[in-house]
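**Student:** The residues making up each chain are set out below.
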Amino acid sequence: MADVNQSMRRINGSQAIAESLMQEMERDERVVLLGEDVGRSGGVFGTTRDLFDRFGPMRVRDTPIAEMSFTGMGVGMAMAGLRPVVEIMFVDFLGVCLEQIYNAMAKIPYMSGGRVPMPMVIKTAGGNIGSAAQHSQCLWATFAHLPGMHVVAPATVRDHKGLMAAAIRSENPVIFIEHKELLLKKSKDFLSGAEVPEGAFVTPIGKANIVRGGSDLTLVTLSAGVEYSLEAAAEVARDGIDVEIIDLRSIVPLDVETVANSVARTGRLLVVDEDYLSFGLSAEIVVRVLERLGPGALRQIQRHAVPDVPIPAALSLEQAIVPGPASIERTLREMAAAS
Amino acid sequence: MKLNPLNLYRMMTRMRAFEEACLEGVPTFEIHGELHTSIGQEAIGVALAHALTPEDAVVSTHRNHYHALAKGVPPRALLAEIFERETGLCRGRGGHMHPFDPDRHFSATGIVGASLPVALGYAYAFKLRGLPHVAVGICGDGATNHGTFHECLNMAAVWDLPLVCLIENNQYAISVPIGEVTATSTISERAAAYGLAGETVVGTDVEGLTEAFAATVRKTRKGGGPSVIEATCYRFRGHYEGDHDGYRDRSEKKRKRAEMDPISRYRDILIARGEGDAEGLAAIDAEARAEMQAMLAEVRSDPQPDPSGALDHIFLEEAR
Ligand SMILES: Cc1ncc(C[n+]2csc(CCOP(=O)(O)OP(=O)(O)O)c2C)c(N)n1
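So the protein sequences, as listed, match chains G and U.
Sequential numbering from 2 applies to the first sequence in the numbering used here.
Sequential numbering from 770 applies to the second sequence in the numbering used here.
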């Protein structure tokens, strides 16, 4: 847990990740980082800066572009007692090594009857920032669908640091999806959680964060969706629409309790998801809430997600399909008008 | 076919001027995502253009614009695609990393290691149909450490497919120098592991490369089996526009740009051989720039895709 006496300062998301890695690698020499461009260049988003100089090439390894093999290597390292953090530069490339991820990393703890721990983190960047179909996407629901791995996506800067520490210290495999927009965002531009303790701390995986209290409607989201929703909520608040925003932080485990408690008060649920709509997070949340509260618990349900289309290159098209502050605001107003 | 020196020169300058036009769209936010240019590697484009027929296939990478031009993809539609316009080759859906021109058997991918398998498919189809075409799969030096490189060369060899694997060895995969991730001194020597002959050529010598590549393609086209050809070169700009490029030191970049610029090298050669003079060559440069600037101006007034079409083209209409 965070030490309340620690000194705080504002840093940005990529710094928070790098700092967490630095502290965890110092704390535990079994932690090893590998991936493309993680070493000398410090990562394409700067999330592994300074680590190569500090820990050298054996613990911070620039790999060839051979995702399947170095992901499998991570599995072997974990089985041999190390705690690998494997960076796959963009979440889209997890397709290249999905075999090792879902047949090996995610299943070995179970297949071994619980005898083989898998303290491994796959760290990657997702999100839609105008990079077209093969370098956008979030894909968290894809990994959540496949049993055996935790799926974490931080929103606040503080959580970038604390959740990364938790992922590294976990005995279970974690897919850790950073959002490119949040990695590139300046700390002064964050609406929430840019104050970060200097020392190491852990944010437990599996506990959602109510980032804005409200009484009219429950908005459930994660990752950059949190910042987008805070922006939208501030707009509609001027017109007296009071939105509660829940940052899930992880979708496996999924903190249904926090969501259900909120919905029990508001009776209205909006899920904002930057991943694809169908067979995904939004339906899962709605069903879990209904399972818990009973089928009549919701007066209003809305899902705002990418409508099952590959991410187009043209920004005019991307903006038409990816949830952002304006479209979230629109959805909130529509819901308020219809209630 | 005898090479026409001024044509080779003109092709290279047009490719460079095209990329320079693309560069203009980055600071203005007309182009999004990671734009990769081929500046410094143009001789490779010329070699492709010279050796291939319209029916041959080229499957390219994230660094694909000049391969597309070499394959005959219309520059106007390509530029419009790169600038994400409705008039683009793919109606603004694909963007600069994903241009597709089925008429010219040209495609590309933003995923490293994903080009050769698709080229292998073209090669298989050509063989199955008894067609005299070749499929060129292009990969960077970095991509040759991908499993697909090895898997594809093995399949191409054992099935004797008309695949030409063209390796652009610009010495870096983003920040990682080839020597740090590859144990052999050349990449092409790995071909021997699959029972193939590989060749490494100087990829900044436009005539030498064009001839060597043409010979390779001819061999494969005539049923001589797959080939592996590595062209050495240097990437002049950052990996993508916006790359801080701190991993290559300044003096290295300066020296390599002077030594490994296929255009200025060739300019000196042409002048020394009396096949061109400084003025005439400068006029070719200026003409290429003017052509691309005019095209850029046109593209800039093309419409963006209409947001109402965002869900179009997910599935094609079924034939009735
Ligand atoms: C499967 C996959 N892994 C990683 C990347 C990120 N990436 C894009 S280009 C690149 C380097 C490619 O190097 P090389 O093949 O030598 O081509 P070059 O960029 O030098 O032309 C990397 C790692 C990717 N696009 N796809």
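Everything labelled a hint here was simulated from the structure, so no lab data went into it.
It is possible that part of the hints are untrue.
In silico contact screen, one side only, chain G against chain U (beta carbon under 8 Å); selected entries [said to hold, decoys possible]:
| hint | residue |
| --- | --- |
| 1 | Asp29 |
| 2 | Glu37 |
| 3 | Ser42 |
| 4 | Gly57 |
| 5 | Met59 |
| 6 | Gly73 |
| 7 | Gly77 |
| 8 | Ala134 |
| 9 | Gln135 |
Far from chain U, by Cβ distances over 12 Å, these chain G residues were calculated [claimed, not checked]:
| hint | residue |
| --- | --- |
| 10 | Gly44 |
| 11 | Ala67 |
| 12 | Gly114 |
| 13 | Gly149 |
| 14 | Arg170 |
| 15 | Lys208 |
| 16 | Ala284 |
| 17 | Arg300 |
| 18 | Pro308 |
Quantities reported herein were computed from a predicted structural model and do not represent experimental measurements.
We treat Cβ as the ideally placed atom computed from N, Cα and C, and that holds for glycine.
**Student:** Next, verify each hint and record whether it holds.
**Tutor:** So, going through the hints one by one against the coordinates:
1. Given the 8 Å rule on beta carbons, the hint for Asp29 of chain G is violated: about 26 Å separates it from the nearest Cβ of chain U.
2. The closest approach between the C-beta of Glu37 of chain G and any C-beta of chain U is roughly 7 Å, which is under the 8 Å cut-off, so the hint is satisfied.
3. The beta carbon of Ser42 of chain G comes within 3 Å of a beta carbon in chain U, closer than 8 Å, and the hint placing it at the interface holds.
4. Interface restraint check: Gly57 of chain G against chain U, minimum CB-CB distance 14 Å, threshold 8 Å, status violated.
5. Annotation: interface hint on Met59 of chain G violated; nearest CB of chain U at approximately 14 Å, more than 8 Å.
6. For Gly73 of chain G, the suggested interface contact is broken, since its CB lies about 11 Å from the closest CB of chain U, more than 8 Å.
7. Evaluation of the Gly77 of chain G hint against chain U yields a violated restraint, the C-beta minimum of about 16 Å exceeding 8 Å.
8. Checking Ala134 of chain G against chain U by beta carbon gives a least distance of about 6 Å; that is within 8 Å, so the hint holds.
9. Below 8 Å, beta-carbon pairs count as interface contacts, and Gln135 of chain G has one with chain U at about 4 Å; its hint therefore holds.
10. For Gly44 of chain G, the shortest C-beta to C-beta distance to chain U comes to about 9 Å, within the 12 Å cut-off, and the non-interface label is violated.
11. A beta-carbon of chain U comes within 12 Å of the beta-carbon of Ala67 of chain G; the shortest separation is about 5 Å.
12. At roughly 31 Å, the least C-beta separation between Gly114 of chain G and chain U is larger than 12 Å, which holds for a residue marked as non-interface.
13. The non-interface label for Gly149 of chain G is consistent with chain U: the shortest C-beta to C-beta separation is roughly 24 Å, beyond 12 Å.
14. For Arg170 of chain G, the shortest C-beta to C-beta distance to chain U comes to about 29 Å, beyond the 12 Å cut-off, and the non-interface label holds.
15. Against the 12 Å criterion, Lys208 of chain G stays outside the reach of chain U, whose nearest CB is about 35 Å from its own CB.
16. The non-interface label for Ala284 of chain G is consistent with chain U: the shortest C-beta to C-beta separation is roughly 19 Å, beyond 12 Å.
17. Every C-beta of chain U lies more than 12 Å from that of Arg300 of chain G, the closest at about 29 Å, which supports listing it as non-interface.
18. Consistency note on Pro308 of chain G: stated as away from chain U, yet its beta-carbon is not over 12 Å from all of that chain's, at 6 Å minimum.
Hint compliance for this structure: hints 1, 4, 5, 6, 7, 10, 11, 18 are broken, all remaining hints hold.
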